[in-house]
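Mind docking chain B on chain A? Use the hints.
Each chain, written out:
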Amino acid sequence: MVAEVRNFMSVLKVQEVSKFFPGTRALNRVNFELEHEGEIHALVGENGAGKTTLVKIINGALEKNEGTILLRGEPYHASNVQQAQQQGLAFIPQASNLIGCLSVKENLFLGQEHVKGSLIKRIDWKRSGQSAARLLTRVGLGHINIDLRVEDFEVAEQQLIEIAKVLSIHASIITMDEPTSSLTEEETRRLFDIIRFLQRMNVSVIFVSHKLDEVFQISDKITVLRNGECVGTRNTSETNREEIVRMMTGKEEAEKYTRKKRLHGSVIMKVSNLKTRGIVHEVSFELAAGETLAIAGLLGSGQTKLLETLCGYYSPISGSIEIGGREIRIHSPKDALRHGIGYIPEDRHIKGLMLNQSVQDNISAASLRDDRQFGFLSIAMQLERVQKLIEQLGIICAGTHQLVENLSGGNQQKVLLARYLKVKPRILLLNEPTRGIDVGAKTEIYNLISSFKVQGGAVLMVSSELPEILGISDRIMVMHEGRVTGFFSTGEATKEKLMHAMTV
Amino acid sequence: MNKRLLVPIFGLVAVLIAIAVISPYSLMPVSFLNATKNASYLGVVAIGQTIVMLTGGIDMSLYETIALTNIFSANFMQDNPFSILSVTLLAILLAGCIGFVNGTMIAKTGIPAIIMTIAMGFAVRGSYLVLTKGAPRGYIPEVVRFIGRGKLFDLVPVALLVWLALSFGVILFLNRTAAGKSVYFTGSNPTAARLSGINNDWTIILVYVTSSVFAAISGLLISGYLGMGTLDAGVEYMLSPIAASVIGGTTFAGGIGGIGGTIIGTLIMRYVDNLMTLVNARHAGKLIVQGVIIGGIATMHSTQKWSLK
Chain A
1 MVAEVRNFMS
11 VLKVQEVSKF
21 FPGTRALNRV
31 NFELEHEGEI
41 HALVGENGAG
51 KTTLVKIING
61 ALEKNEGTIL
71 LRGEPYHASN
81 VQQAQQQGLA
91 FIPQASNLIG
101 CLSVKENLFL
111 GQEHVKGSLI
121 KRIDWKRSGQ
131 SAARLLTRVG
141 LGHINIDLRV
151 EDFEVAEQQL
161 IEIAKVLSIH
171 ASIITMDEPT
181 SSLTEEETRR
191 LFDIIRFLQR
201 MNVSVIFVSH
211 KLDEVFQISD
221 KITVLRNGEC
231 VGTRNTSETN
241 REEIVRMMTG
251 KEEAEKYTRK
261 KRLHGSVIMK
271 VSNLKTRGIV
281 HEVSFELAAG
291 ETLAIAGLLG
301 SGQTKLLETL
311 CGYYSPISGS
321 IEIGGREIRI
331 HSPKDALRHG
341 IGYIPEDRHI
351 KGLMLNQSVQ
361 DNISAASLRD
371 DRQFGFLSIA
381 MQLERVQKLI
391 EQLGIICAGT
401 HQLVENLSGG
411 NQQKVLLARY
421 LKVKPRILLL
431 NEPTRGIDVG
441 AKTEIYNLIS
451 SFKVQGGAVL
461 MVSSELPEIL
471 GISDRIMVMH
481 EGRVTGFFST
491 GEATKEKLMH
501 AMTV
Chain B
1 MNKRLLVPIF
11 GLVAVLIAIA
21 VISPYSLMPV
31 SFLNATKNAS
41 YLGVVAIGQT
51 IVMLTGGIDM
61 SLYETIALTN
71 IFSANFMQDN
81 PFSILSVTLL
91 AILLAGCIGF
101 VNGTMIAKTG
111 IPAIIMTIAM
121 GFAVRGSYLV
131 LTKGAPRGYI
141 PEVVRFIGRG
151 KLFDLVPVAL
161 LVWLALSFGV
171 ILFLNRTAAG
181 KSVYFTGSNP
191 TAARLSGINN
201 DWTIILVYVT
211 SSVFAAISGL
221 LISGYLGMGT
231 LDAGVEYMLS
241 PIAASVIGGT
251 TFAGGIGGIG
261 GTIIGTLIMR
271 YVDNLMTLVN
281 ARHAGKLIVQ
291 GVIIGGIATM
301 HSTQKWSLK
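Protein chains in written order, with the numbering used here: chain A, 1 to 504; chain B, 1 to 309.
FYI, nobody ran anything at the bench for these hints, they're computed from the structure.
Heads up, incomplete: computed chain B residues facing chain A, CB under 7 angstroms, no partners named:
hint	residue
1	R176
2	K181
3	F185
4	S188
5	N189
6	T191
7	A192
8	R194
9	L195
10	S196
11	G197
12	G255
13	I256
In this text, a Cβ means the ideal position worked out from N, Cα and C, and glycines have one as well.
The shape of chain A in the complex, shown without the other chains:
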């Protein structure tokens, strides 16, 4: 009897839901429950654990194969996102839903425009403008110009616009898939304020995230998925990080960061007074063989521009780059690769991988010339080298012919790393090397960086996660608005000192 009452009370109850894709079982009899209104429920798990599949089923973007879902005690079914929205469920996906070339106003009411007129229905722009201003004020964007195009705004602002759009449909359950992956700490705080505001309005939030710190900050409850199965649900106040990690990986989070001792090699790269069009000003530093130099800084402080100038993607305006004591000119990534500089970009889908090409082609793309015999590619030789790297990096794929788009995020990142290890570089430039990949894969990437360093390579790394920087680097260079504002050896650095230098 009691159980039945509770059943009736719960806002959303997912019971024994399974989902099959050709060849794999993405979800296996998963249970998930939002017990009361205004609950903030975090959904965590490694990549491929089934988080996104589950929230897509809840929001009508995918159909389940088995199981039932109850919405306030009533059987719930939505075969597309619109149907879910009509029942009060809104989904903010990882990739933006907004249309960049339309204005904020147009985006907010896309598909649900205010209309006026009876014979010829027209869009009532005046009323749209007023509602838009009201909605945006609630997410703290009351000051922006709603006639500007969405693509002209920062990613964080776009995310807030997306939330305003969700508010406009009066959703009672909002799902956010990795909402903080491209936000700075400050922007994340703002997002959390909004989530708490939603909570006070009795809106329930399903919060999907990789970042456990944030999960512990914001959530009431945590549900852990592993390999498509529900491992368990905990009240956030009654659990701790170690337990959740154990549930996610099935093993202890023992050696998360592996920093091998720094080799004191000779200076391999010397950058003096480098200046680029746009943001980077008078940047100078030295990088030695066998060390990891990490660059810390707020988003948009010029870190990416610096790395992309060193790898030849952009040209510097002034300043010099020396490799092994000789000044070199880098006009293109081709030149940089010839000097042993490999760059791994922060966005593997947009800048890094050729998604519709095979694992083998992606790994060998930067070193095609090395695989030639008598002027022609030797596929056998290439295959042998690629297989060696696949083994060495522990890339899990169905074969070297598998398309990279079908790999999990962690394996895609390893493919990218393998491409630049195959060129046998002296210097690796890594931009957010562990973004959007799961805990297990992160540890493996850290191990790979360490072993590259131990073999005499030099690593220059950009990361927006301070624990990561403190965990694996030997030295830290802090940037603020395109200038270097400090160097720290990792021993003396603390989060507070770094934050101070990052914001000056």
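Structure of chain B alone, referenced to chain A:
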């Protein structure tokens, strides 16, 4: 084997079965080789179109390059080896220049390929209209005619050999050279390609030069087949090379497809054409059937793509 080839192979088998049922005689070696030879002219120009499409581009000027080559050769070729050789080389060089301008403009200014190549097509057409004053002159020497429509040992069509040799060369190029692989990489993700040390601009220029040169070679074969210069030599090749590429599994998005598929696509186009002639279909009927086949196979390609995901 490449799964994308399954659809065109299935289509080709279906067409061959249809021929076997309706007109078994046309599968006899001599008439079958003849029908296959007729695919060579389209086959050669379709190779070029496929290479361009692999980079995510398109070349709409090829049919005018074919026409230009035809008129140019008829106008200047004399019946002596030196003239034949030099005019042939000049025609190919001229086409190479057309492709170089196309590729350079597309790579360096970012002008959409379809606009650039249509504009180039107009310019080329205007040029040969000026050259001929609207009335092509001259004739095609016997040697070129032999290459265009003759048979080695009275059996194997020379044009077919040319097509096969070029196909083999390009397959080797695309799969076994760094530059060939770059064609796929540039088409798949130019930023990633650039960060892998590939010079996208150079790759794009290379593919447009190649497509134009292949159009010129096709134009020479067609000239041999026609035996004279005509203003309409290219008309039939405006869209059919694109159709052959698409049937063979090459996409407009870039990075996917290849010459193997295009060869099969070309054969399907030509065998269907042949079949329609055998049943005395009119031109309009041929067009309708072609449209249905192109649409049908393209649909199968897209649905197959989704189901493989």
